[in-house]
Amino acid sequence: MVEPQAQHDKGMVFPFGGGETGKLIRSFDWSETPLGPISGWPQSLKTVTNMLLLCPIPIVLLWGEDGIMIYNDAYSVFAGRRHPQLLGSKVREGWDEIADFNDNVMKVGLAGGTLAYENQELTLIRHGKPEPAWMNLDYSPVVDESGKPAGVIAIVVETTRSVVAQRKLEQSEGRFRALTNATSDVVYRMSADWSEMQPLDGRGLLADMERPSAAWQDFYMLPEDKPALQAAIDEALRTRSVFQHEHRVRQADGSIGWTLSRAVPIVDEAGDIVEWFGAASDVTERRRNEEHLRRVVHELNHRVKNNLAMTQAIAAQTFRNVDDLKEAQARFGSRMVALGQANDLLTGERWVGASLIGAIGQAIRPHYPQPERSLVTGDDVQLTPKTALALTLAMHELAMNALKYGAWSNASGTVTVTSATYSGSAGDRRLRVEWRESGGPQVQPPTRRGFGSVLIERGLAREMGGQVKMEFLPDGLVCTIDAPEHVEAGS
Amino acid sequence: MRLRILVVEDEMTIALLIEDMLSELGHEVVDLAMRLPQAVELAQRADFDLAILDVNLDGRKSFPVADILLERGIPFAFATGYGAAGIEPAYTGRPVLTKPFLMDDLETAIATLAASPAIS
Chain L
1 MVEPQAQHDK GMVFPFGGGE TGKLIRSFDW SETPLGPISG WPQSLKTVTN
51 MLLLCPIPIV LLWGEDGIMI YNDAYSVFAG RRHPQLLGSK VREGWDEIAD
101 FNDNVMKVGL AGGTLAYENQ ELTLIRHGKP EPAWMNLDYS PVVDESGKPA
151 GVIAIVVETT RSVVAQRKLE QSEGRFRALT NATSDVVYRM SADWSEMQPL
201 DGRGLLADME RPSAAWQDFY MLPEDKPALQ AAIDEALRTR SVFQHEHRVR
251 QADGSIGWTL SRAVPIVDEA GDIVEWFGAA SDVTERRRNE EHLRRVVHEL
301 NHRVKNNLAM TQAIAAQTFR NVDDLKEAQA RFGSRMVALG QANDLLTGER
351 WVGASLIGAI GQAIRPHYPQ PERSLVTGDD VQLTPKTALA LTLAMHELAM
401 NALKYGAWSN ASGTVTVTSA TYSGSAGDRR LRVEWRESGG PQVQPPTRRG
451 FGSVLIERGL AREMGGQVKM EFLPDGLVCT IDAPEHVEAG S
Chain Z
1 MRLRILVVED EMTIALLIED MLSELGHEVV DLAMRLPQAV ELAQRADFDL
51 AILDVNLDGR KSFPVADILL ERGIPFAFAT GYGAAGIEPA YTGRPVLTKP
101 FLMDDLETAI ATLAASPAIS
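Line by line, the protein sequences give chains L and Z.
Residue numbering for the first sequence is 1 to 491, as defined by my numbering.
Residue numbering for the second sequence is 1 to 120, as defined by my numbering.
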């Protein structure tokens, strides 16, 4: 500080140094400003000017009532394209967009007061258009030779970059908070080695974890599922990559559900895992559906195989001791159709059962010559799927027989099927179904028992747990089924 | 060797087929059970050498019947559309006939059962 003063006194240039701005100040025509030529400046102004010029942080001096601006290189960078016009200008005119702000600065400063602002936002035009800028501003008065404030010195540290970064971080955190609130997932944090869980908001799905817990596995997991979970954890720790595991959990209401849990490692600058951050979604419903589907497919497979076995059985019976292969093939085809229709009947009732009258009607409808030559009447009862299937096949055999040899083989014969429920001698509920043909040709008892007879007499009787009687009366065939109304109880 | 066999099968057409197969193979069907209560009762009291056991009896599993047969030391084979996968682990090792099956399969299963100590 002594050196430049000494130089000036010896007629050396003022101010000393100060880089580009120092050069500008030296060559500037100060006589056009209220400060007048440099040679006439008071010592206090000169001292402060040279001090700020040699300072690396942005400083501006606002001298006199008008606040004539003298600043350093660092400030010129801050000023952007407003430099160099700002130099020597009146602060209220130089920064006309913030004239009010600077008016206050001048009034306070020249009255001897100081001002300090942290991250003060001001809209400045420094690069052709108004842009928000943030800065730390410190203003203090500068006293001249008279001992009174003659100017204001300002240290201007721009903080725009850090403010913007901070705001972005806050927005990002805000979005993250919104996301964790918006998702129905349970969000969790685990210690680096997964031994301890941070407090957890169970979102109503899981019970909340109030404080860090090392017993979280016992709390949420079933004992038998822990080894698989630990294996998934160990794998994630080994590969330092995403943890993913679908497992059962104890839910907040005490029931057992399923979650799909995923977590990623959070690493520090050294690359060490600090903690794991994860989310668990409720997949209970999906697991339930999958399990249901699996069972349905399994059951379907079973039924298909059962139907194949039935087909095999019917084929074996149909083609046993046949004289006429063509006729046997036709019978086989017809029996397959009956089996198919029986399945329709059962699936229509979702395999929970079918009505007796419905099953009989469907079995004989494809065969009668005219609707009025068939009458199905009486008490209706619900049959189990199996009984409905057996009865359908039996009725199909009776109908085929009627069409070929019996009441439907001429122009006028009729079939009446009557069902009745009644109380047995033991007080049990019983069911009687009678198939009665009349008006057909004279009946000849068959010489050989065909599949129809075997199915009805051996199969249906045992299926229904009762007795089946086939009587080839002269008027027509009468087939009587007498069985417990609820087959399960009887067999 | 003519064996006396209990058939447990809830599907009447399939029951007829198995009965026919067995008589063709020269065996005697001592009885047929189509529902679980009947099967349990026959398994407890009937006199027979071995049993062919359907797994699903009108929606009920026939494993209680298998337990009685194990208790009595009577060999048996399962006959099921579920295949071996539908058999509970406690009964693994028992012969399983997967429906539909051939008479040869039935014959092989019976031969396996007949060779077991309970019969010879």
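Hints in this document: simulated from the structure, not taken from any laboratory.
Bear in mind the structure is a predicted one, so any value in this text is a computation, not a measurement.
Do not rely on the hints blindly, as some may be mistaken.
Said to hold, decoys possible - In silico SDA-like cross-links for lysine to any residue, where the CA-CA straight-line distance does not exceed 25 Å:
#1 Lys305/L x Gln44/Z
#2 Lys469/L x Asp105/Z
#3 Lys61/Z x Leu124/L
#4 Lys61/Z x Thr384/L
Said to hold, decoys possible - Residues of chain L placed beyond 10 Å of chain Z at every Cβ, according to the derived structure:
#5 Leu54
#6 Phe101
#7 Arg177
#8 Asn181
#9 Val187
#10 Trp258
#11 Phe277
#12 Ile314
#13 Ser412
#14 Gln467
What the hints assert, rightly or not - To be clear about the criterion: a stretch of chain Z counts as covered by chain L if any three or more of its residues have a C-beta under 8 Å from a C-beta of chain L, and this derived list gives those stretches:
#15 7-14
#16 92-102
Note that CB positions come from ideal geometry on N, CA and C, so glycine has one too.
For each hint, the structure was consulted:
1. A distance of roughly 29 Å separates the Cα atoms of Lys305/L and Gln44/Z; the hinted pair therefore is violated under the 25 Å criterion.
2. Taking the CA atoms of Lys469/L and Asp105/Z, the gap is near 35 Å; set against the 25 Å cutoff, the hint is violated.
3. Among the hinted pairs, Lys61/Z with Leu124/L is inconsistent with the structure: their alpha-carbon atoms are about 85 Å apart, more than 25 Å.
4. The hinted pair formed by Lys61/Z and Thr384/L meets the criterion: a straight-line CA distance of about 16 Å does not exceed 25 Å.
5. For Leu54/L, the shortest C-beta to C-beta distance to chain Z comes to about 91 Å, beyond the 10 Å cut-off, and the non-interface label holds.
6. For Phe101/L, the shortest C-beta to C-beta distance to chain Z comes to about 83 Å, beyond the 10 Å cut-off, and the non-interface label holds.
7. For Arg177/L, the requirement that its beta carbon stay farther than 10 Å from each beta carbon of chain Z is met, with the minimum near 50 Å.
8. With a minimum CB-CB distance of about 46 Å to chain Z, Asn181/L clears the 10 Å threshold, and the non-interface call stands.
9. Every beta carbon of chain Z lies more than 10 Å from that of Val187/L, the smallest distance being close to 40 Å; the non-interface claim holds.
10. For Trp258/L, the requirement that its beta carbon stay farther than 10 Å from each beta carbon of chain Z is met, with the minimum near 23 Å.
11. Distance check on Phe277/L: its Cβ is at least 41 Å (rounded) from any Cβ of chain Z, clearing the 10 Å threshold; non-interface status holds.
12. The Cβ of Ile314/L sits about 6 Å from the closest Cβ of chain Z, inside the 10 Å cut-off, so the non-interface label is violated.
13. Consistency note on Ser412/L: stated as away from chain Z, and its beta-carbon is indeed over 10 Å from all of that chain's, at 34 Å minimum.
14. Residue-level check passed: Gln467/L sits 15 Å from the nearest beta carbon of chain Z, beyond 10 Å.
15. Under the rule that three or more residues need a Cβ within less than 8 Å of chain L, the assignment of the region 7-14 of chain Z holds, with 5 such residues.
16. By the rule of at least three residues with a Cβ nearer than 8 Å to a Cβ of chain L, the coverage given for the region 92-102 of chain Z holds, with 4 such residues.
When each numbered hint is compared with the structure, violations occur for hints 1, 2, 3 and 12.
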